[in-house]
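**Q** This is what each chain is made of:
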Amino acid sequence: MKLRRTMLYVPGNNPNMVKDAHIYRSDSVMFDLEDSVSVREKDAARLLIFHALRCIDYETTETVVRINGLDTPFGRDDVEAMVRAQPDIIRLPKTETPEDIQMIDQKLTEVERQAGVEAGSIKLFAAIESARGVVNAYRIATSSERLVGIAFGAEDFVTNMHTSRSKPGTELFTARQEILLAARAAGLHAVDTVFADISDDEGFREEVGLIKNMGFDGKSVINPRQVGIVHSIYMPSVVEIKTARRIIRAIKRAEQEGSGVVAVNGKMIDKPVVDRARHTLDLAQASGIYLDEIEEEEING
Amino acid sequence: MELIHTGKAGTLESSDVLISVKTHPENKIEIKLKSIVEKRFGRHIEKLVRDILDEMQVSSALVDVDDRSALDCVIRARLETALYRGAGVQTYHWEEL
Numbered sequence: 001m002k003l004r005r006t007m008l009y010v011p012g013n014n015p016n017m018v019k020d021a022h023i024y025r026s027d028s029v030m031f032d033l034e035d036s037v038s039v040r041e042k043d044a045a046r047l048l049i050f051h052a053l054r055c056i057d058y059e060t061t062e063t064v065v066r067i068n069g070l071d072t073p074f075g076r077d078d079v080e081a082m083v084r085a086q087p088d089i090i091r092l093p094k095t096e097t098p099e100d101i102q103m104i105d106q107k108l109t110e111v112e113r114q115a116g117v118e119a120g121s122i123k124l125f126a127a128i129e130s131a132r133g134v135v136n137a138y139r140i141a142t143s144s145e146r147l148v149g150i151a152f153g154a155e156d157f158v159t160n161m162h163t164s165r166s167k168p169g170t171e172l173f174t175a176r177q178e179i180l181l182a183a184r185a186a187g188l189h190a191v192d193t194v195f196a197d198i199s200d201d202e203g204f205r206e207e208v209g210l211i212k213n214m215g216f217d218g219k220s221v222i223n224p225r226q227v228g229i230v231h232s233i234y235m236p237s238v239v240e241i242k243t244a245r246r247i248i249r250a251i252k253r254a255e256q257e258g259s260g261v262v263a264v265n266g267k268m269i270d271k272p273v274v275d276r277a278r279h280t281l282d283l284a285q286a287s288g289i290y291l292d293e294i295e296e297e298e299i300n301g
Numbered sequence: 001m002e003l004i005h006t007g008k009a010g011t012l013e014s015s016d017v018l019i020s021v022k023t024h025p026e027n028k029i030e031i032k033l034k035s036i037v038e039k040r041f042g043r044h045i046e047k048l049v050r051d052i053l054d055e056m057q058v059s060s061a062l063v064d065v066d067d068r069s070a071l072d073c074v075i076r077a078r079l080e081t082a083l084y085r086g087a088g089v090q091t092y093h094w095e096e097l
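These protein sequences, in sequence, are chains C and U.
Counting from 1, one number per residue, gives the positions in the first sequence under my numbering.
Counting from 1, one number per residue, gives the positions in the second sequence under my numbering.
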């Protein structure tokens, strides 16, 4: 299963950060051609990311490019270039309607055909950053086969809502819920907004804990230092891993024996429980926990 | 590609390169290279710059390269940007890059 616990922002016109973007082991790196690049440097950043994607091996890290909107003078050139550079995902900023997604989907299809790239090979992430986008979240989430996730962008959202960000994040609660519901109903990933104060580790931890409990798959991060913090919070505990393993073993045993009903520790095990157990083990593996060592510990008591 | 004015791209930050191109008064290619890794990679960088000029069919250029240990792909991106800017070209042929 693909994990997207961390999507690390990388300014698109900074070669020093672009060349080493993957060494911090975030699940995804997101090269930004939009807000972090000045209007005068859009051409330079586009060419830099175009060549970087074609020559640097980012290994297993998922590559995402945040392009400029198609309603700007830069968005169409970004698509022309990126289809040929082939990142895994294009992230569309400020998505407000399903038509925004359909328009980029069509443009991608057109350029894929011209470039001889497999149709539909580039996936999409929609960033929702306004009240209108939140209200349309489910329609956006179901607007294209290319979509794999929705990201929440809170900075523009709070401006649009005539407010500002607070520590408890009450002003974001409904938007986060709407985005999560839309993503889950459409079978997509949901990635939470950035936490801008990189010196406030405690506040960051609290926010990551909150969005993990809400159900987000991960968070956009702006500093490599934040990657490890998010991964540690998403790392399952030994107890959770042991329980998950017991559930998976019980299911396998039941399948072999042709038994329909399965119970672990006196509790009925059904599909959602099994799905959660599998997710826990995937997270454990991605967190570098050696499942064999836990098994040994279990056997030896 | 013909240069109609000076085109510049890049920065002097680490891992970047600052490149400036303009048409050569004697209609030839001349490369002035400064690099913190000139001893080891000077010839390689110069060949890379010449190859890119060749690919982009530039036959008259005075190229100033101030390199801060940039990767080849960064040098390529910055030189192409400088050339497009110097030629005043805004429509790119991505399939040829």
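Take the hints with a grain of salt, since some may be wrong.
Claimed, not checked - Label pairs and their calculated CB-CB ranges:
1) C/275 - U/13: 34 to 40 Å
2) C/174 - U/57: 54 to 60 Å
3) C/115 - U/44: 25 to 31 Å
4) U/32 - C/118: 42 to 48 Å
5) C/115 - U/5: 29 to 35 Å
6) U/13 - C/264: 55 to 61 Å
7) U/13 - C/253: 42 to 48 Å
8) C/202 - U/44: 46 to 52 Å
9) U/57 - C/86: 22 to 28 Å
10) C/120 - U/57: 32 to 38 Å
11) U/57 - C/145: 39 to 45 Å
12) U/72 - C/232: 33 to 39 Å
13) C/174 - U/12: 56 to 62 Å
14) U/13 - C/252: 40 to 46 Å
Stated by the list, open to error - Restricting the straight-line Cα-Cα distance to at most 25 Å, the calculated cross-link-like pairs of lysine-lysine (DSS-like) are:
15) U/34 - C/19
16) U/47 - U/22
17) U/47 - C/19
18) U/39 - C/42
19) C/19 - U/8
20) U/28 - C/42
21) U/39 - C/19
These aren't lab readings, by the way, just hints derived from the structure by calculation.
Using N, Cα and C, we set each Cβ at its ideal position, and we do this for glycine too.
**Q** Each hint: holds or not?
**A** Going through the hints against the structure:
1. C/275 - U/13: 34 to 40 Å: Roughly 47 Å apart at Cβ, these two residues miss the hinted range, so it is violated.
2. C/174 - U/57: 54 to 60 Å: 57 Å, holds
3. C/115 - U/44: 25 to 31 Å: 30 Å, holds
4. U/32 - C/118: 42 to 48 Å: Given a distance of about 44 Å, which is inside 42 to 48 Å, the answer is holds.
5. C/115 - U/5: 29 to 35 Å: 31 Å, holds
6. U/13 - C/264: 55 to 61 Å: Since residue 13 of chain U and residue 264 of chain C have Cβ atoms about 56 Å apart, the given range 55 to 61 Å holds.
7. U/13 - C/253: 42 to 48 Å: 59 Å, violated
8. C/202 - U/44: 46 to 52 Å: 48 Å, holds
9. U/57 - C/86: 22 to 28 Å: For residue 86 of chain C against residue 57 of chain U, whose Cβ atoms are near 26 Å apart, the range 22 to 28 Å holds.
10. C/120 - U/57: 32 to 38 Å: 35 Å, holds
11. U/57 - C/145: 39 to 45 Å: Given range 39 to 45 Å: holds, Cβ gap about 41 Å.
12. U/72 - C/232: 33 to 39 Å: 37 Å, holds
13. C/174 - U/12: 56 to 62 Å: 47 Å, violated
14. U/13 - C/252: 40 to 46 Å: Violated - the Cβ-Cβ distance for residue 13 of chain U and residue 252 of chain C, about 54 Å, lies outside 40 to 46 Å.
15. U/34 - C/19: 21 Å, holds
16. U/47 - U/22: This hinted pair holds, its Cα atoms lying about 18 Å apart.
17. U/47 - C/19: 22 Å, holds
18. U/39 - C/42: Answer violated: residue 39 of chain U to residue 42 of chain C is near 33 Å, above 25 Å.
19. C/19 - U/8: This hinted pair holds, its Cα atoms lying about 22 Å apart.
20. U/28 - C/42: Given pair residue 28 of chain U, residue 42 of chain C is violated - Cα atoms ~30 Å apart, limit 25 Å.
21. U/39 - C/19: Holds, because 23 Å separates the two Cα atoms, which is no more than 25 Å.
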